[in-house]
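Q: One-letter residues, chain by chain:
Protein chains: 2
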Amino acid sequence: MASLLRLPSLLSPSKPLLRRRLPAARLAAPATSRSQASAAAGAAAPAASETRGGDREGQVTPRSVDFNAWYTDVIAAAELADYGPVRGTMVIRPYGYAIWEAIQDYLNVKFKETGHSNMYFPQFIPYSFIEKEASHVEGFSPELALVTIGGGKELEEKLVVRPTSETIVNHMFTKWIQSYRDLPLMINQWVNVTRWEMRTKPFIRTLEFLWQEGHTAHATLEEAEKEAMQMIDVYTKFAYEQAAIPVIPGRKSRVETFAGANRTYTIEAMMGDKKALQAGTSHNLGQNFSRAFGTQFMDENGQIEHVWQTSWAISTRFVGGIIMTHGDDAGLMLPPRIAPIQVVIVPIWKKGDEKAVVLESVDSVQKILKEAGIRVKVDDSELRTPGWKFNHYEMKGIPVRIEIGPRDVTNNSVVVSRRDVPGKQGKEFGVSMDPSILVNHIKGRLEDIQASLLQKAITFRDSNIVDVSSYGELKEAIAEGKWARGPWSASDADELKVKEETSATIRCYPFEQPEGTKKCFMTGNPAEEVAIFAKSY
Amino acid sequence: MASLLRLPSLLSPSKPLLRRRLPAARLAAPATSRSQASAAAGAAAPAASETRGGDREGQVTPRSVDFNAWYTDVIAAAELADYGPVRGTMVIRPYGYAIWEAIQDYLNVKFKETGHSNMYFPQFIPYSFIEKEASHVEGFSPELALVTIGGGKELEEKLVVRPTSETIVNHMFTKWIQSYRDLPLMINQWVNVTRWEMRTKPFIRTLEFLWQEGHTAHATLEEAEKEAMQMIDVYTKFAYEQAAIPVIPGRKSRVETFAGANRTYTIEAMMGDKKALQAGTSHNLGQNFSRAFGTQFMDENGQIEHVWQTSWAISTRFVGGIIMTHGDDAGLMLPPRIAPIQVVIVPIWKKGDEKAVVLESVDSVQKILKEAGIRVKVDDSELRTPGWKFNHYEMKGIPVRIEIGPRDVTNNSVVVSRRDVPGKQGKEFGVSMDPSILVNHIKGRLEDIQASLLQKAITFRDSNIVDVSSYGELKEAIAEGKWARGPWSASDADELKVKEETSATIRCYPFEQPEGTKKCFMTGNPAEEVAIFAKSY
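Note that the protein sequences, when read in sequence, are chains A and B.
Under full-length UniProt numbering, the first residue of the first sequence is numbered 1, with each subsequent residue one higher.
Under full-length UniProt numbering, the first residue of the second sequence is numbered 1, with each subsequent residue one higher.
No wet-lab data here; the hints were simulated from the structure.
Incorrect hints may have been included.
Claimed, not checked - Distance condition first, Cα-Cα at most 30 Å in a straight line; then the derived DSBU-like pairs of lysine-lysine:
1. Lys112/A - Lys377/B
2. Lys497/A - Lys201/A
3. Lys475/A - Lys518/A
4. Lys112/A - Lys367/B
5. Lys201/B - Lys175/A
6. Lys112/B - Lys370/A
7. Lys370/A - Lys110/B
If we strip away everything but chain A, and leave its shape as in the complex, we get:
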């Protein structure tokens, strides 16, 4: 076991958020010493040391000082995830999982609206399946986890633990599809997948992760292309409207296309450190897998043809994208539409006789907001000061905080604070408790925050994309950590040269293209499209 514990602990001794029973007494001293002990033991661990019994959330490394350290600190302090015992694996904690559930809830509805059904394929795939599609095996074989022993016996054929399911899907589609009347066949599954990644990072790249993978089969290339585009569009809308992430949708270069696809569409997001994150992909697989697996159908004229296919996926990586797009030095910052908790109410009282009257108002405000469909949490624990709670829920990225003290009760009003506007500027005093006024006010603020996060991210993105017309300009932009956009029609070899020399890759040929004739910035030849280059996760 010890040999597997290669990653520093993300352990934060702060308490899980969702608890049925609240503790009844003040923090005891021994808890603090335990916490210090564990901090000492994990010397290499991210600085997620919340001081138990203290009044402040543990400091996280400032974003500007060390973006990567900030990222893992926030994950620990906001209790989003922890490292699993096996190298590169991740435990998704309740608060992190709730963000994933919000992503699932939205996409699952959209997938069904667009005609897809959920189902489940086994995760064990015969090794021979992977070998059937030439570029697929080339792309995935270095990353496979293999089961070789089952029920105490060496297996005749090694089993691959699902890295993606195109092969087993096609094996089954071949059984189910005979005629054009069986098409289109459009399914999705929400599952775990395993890729033996060497350099891992919580949410972004883990040995095992959760995703949805859609798989469809069609009678024509045009239908498959339309489907692949439809799904990247669903992802784009999700990113903009729900996650407030202004992704750039586009087509991958040949070099970056999925192993087994004819075309890969992608949404590329700019993280807070300006690195690109591939946040979702949709593949037009052509007939590559249907030829490898003999997935054929009889068309309307009685001809036997291979089906045309797509696949598309979004994973728990997206949670990492949300953290790295919106977070700041105070921690996580969640867009209201996907925030598991949209509003936290913190009661404030000093004298004992104030408590009952404040809590009564808190209870009433909570009910009003809940009935209006707002996801609200009350923290009336007496173990923590209001100041500690303010920091704690800022760390958790909860969009709106409501404070209610004795004077607020007297005035029939509350104090409303926005997570995205720090300090007094983000505070509104004297917001009426009158149900209709309060609900409208809070709903309005949530919408403001949603819009504001998106706008801020757009501004950040656009101020960090440089239009380049020479390789020198590209090098300069990349050296500054920015994205470079320029006309490109050079070779795959040139693309790999750029990667070697600058670490930047073509993120995509964006769908949105400038008008007019273009000249490749590398070769000077005519170019049909601009490409975006960037360093990426």
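With the hints as your guide, set chain B onto chain A.
A: Using the frame of chain A, we list chain B on its own:
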């Protein structure tokens, strides 16, 4: 690959239920010949041969003739599942998966209401973890799938593919729990699990299956016991109220207790062939895992103690239980509350000019029912006759069918048929299309069916449980395929003797116990409880 294909194909050439695009022409002859070819190829396959182009759903083996063949036939014909390429694995098809989603939707809400949060633990568990709890390793080691190669290299330590997660959960709980204030810790995960079963059966026992596993840690034995009982109660309510399965909740005997638990509670369901199905379990784990993994907390008095734990699970096996409880010779029969489709509307017309007017009414009825929250599907395909559709949706177990023909339109009424009452007795003519009348009528019928399925199952169950007062009587009851209930205080050895001689095991000591003093039917000694013995899946 060929060596892995050891199971007969469950391939049914009928079409998946949920399609975006309806086929536009009549079935071509070649489809029929293909179907015959595949039937010939799969000589050992269950008789799931729907005749394509014919007017009838393919015959399934009558339940009374061969219950097991009937079961696999229904799974194929209703398109619930198919065999995966690896021995013992199962592909859950959209219609089968939709039943699982209905189970998830209900339980997920109940778990959250009772204070549990969802999260995700990695599925790869260091082999050494499994060895830490003595009875756990004894119970699970014969069933493990082991990953020995990752990223092209032999691993230092073999990894177990999650058969259940107590070990990895405790490893993490040990990091997260320090104080009594961290308790209770109550989580759940919806995941896949792997057990290398030798004798598999779709849904009932497969090499990989889907389940939820709840895991909780508490400060006291009493709290853990209360939680274990609470969750078996959630399962019992679900079984009765949603799945219309009158399970018998009770406690497992020592011999049948989960590997690593102090007590296992179970819900036992009687299938249509009178065999018992363990349909859900809840374990009081005591301190077995917390001692093995050092999961300790400081109590209110500053003492360090081991936590008290529970775990509980329901799996895709439950889908098999639904099939085997309610199905009949015509196929599946779904309780309305968990039916993915509650009402199917079949339009009927002969002359071309009747079509538009019928479809207009169909559309309007569909809208009325949808708005009332009823899950409804219209099948207006012209490829199949109404008679074929009647059989098809009976096979799919849809609780209510509405027929609308030209005369019904004229009379502003519809014909309503119940799946659970065959023939004319189940048919009502002249049900008004008036929205409020129709909605009330259909809702009433769905409730009737729900209640009727439960009552029928209760009657069946109770007429097949025999009270026994001697071993001879038990043998007789078991030989008749029935369940035997009798006072039991004999030894584990006696229990194993009963199993050897009769194939029956103690399913549970039911919570509901008869009054009065009892004498063990095996030994004649005093007995505190009656136990239920039965053959089981």
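Q: Does each hint fit the structure? Answer for all of them.
A: Structure-based check of all given hints:
1. Between lysine 112/A and lysine 377/B the alpha-carbon distance is near 14 Å, which keeps this suggested pair within the 30 Å criterion.
2. For the given pair, lysine 497/A sits about 26 Å from lysine 201/A by alpha-carbon distance, which is consistent with the 30 Å threshold.
3. A distance of roughly 19 Å separates the Cα atoms of lysine 475/A and lysine 518/A; the hinted pair therefore holds under the 30 Å criterion.
4. Between the alpha carbons of lysine 112/A and lysine 367/B the distance comes to roughly 18 Å, so the proposed pair stays at or under 30 Å and holds.
5. Distance check on the hinted pair: lysine 201/B and lysine 175/A sit about 20 Å apart at the alpha-carbon level, within 30 Å; holds.
6. For the proposed pair lysine 112/B and lysine 370/A, the alpha carbon gap of about 16 Å is at most 30 Å, so the pair holds.
7. At most 30 Å may separate the alpha-carbon atoms for a hinted pair to count; lysine 370/A and lysine 110/B meet this at roughly 18 Å.
No hint from the list above goes unmet by this structure.
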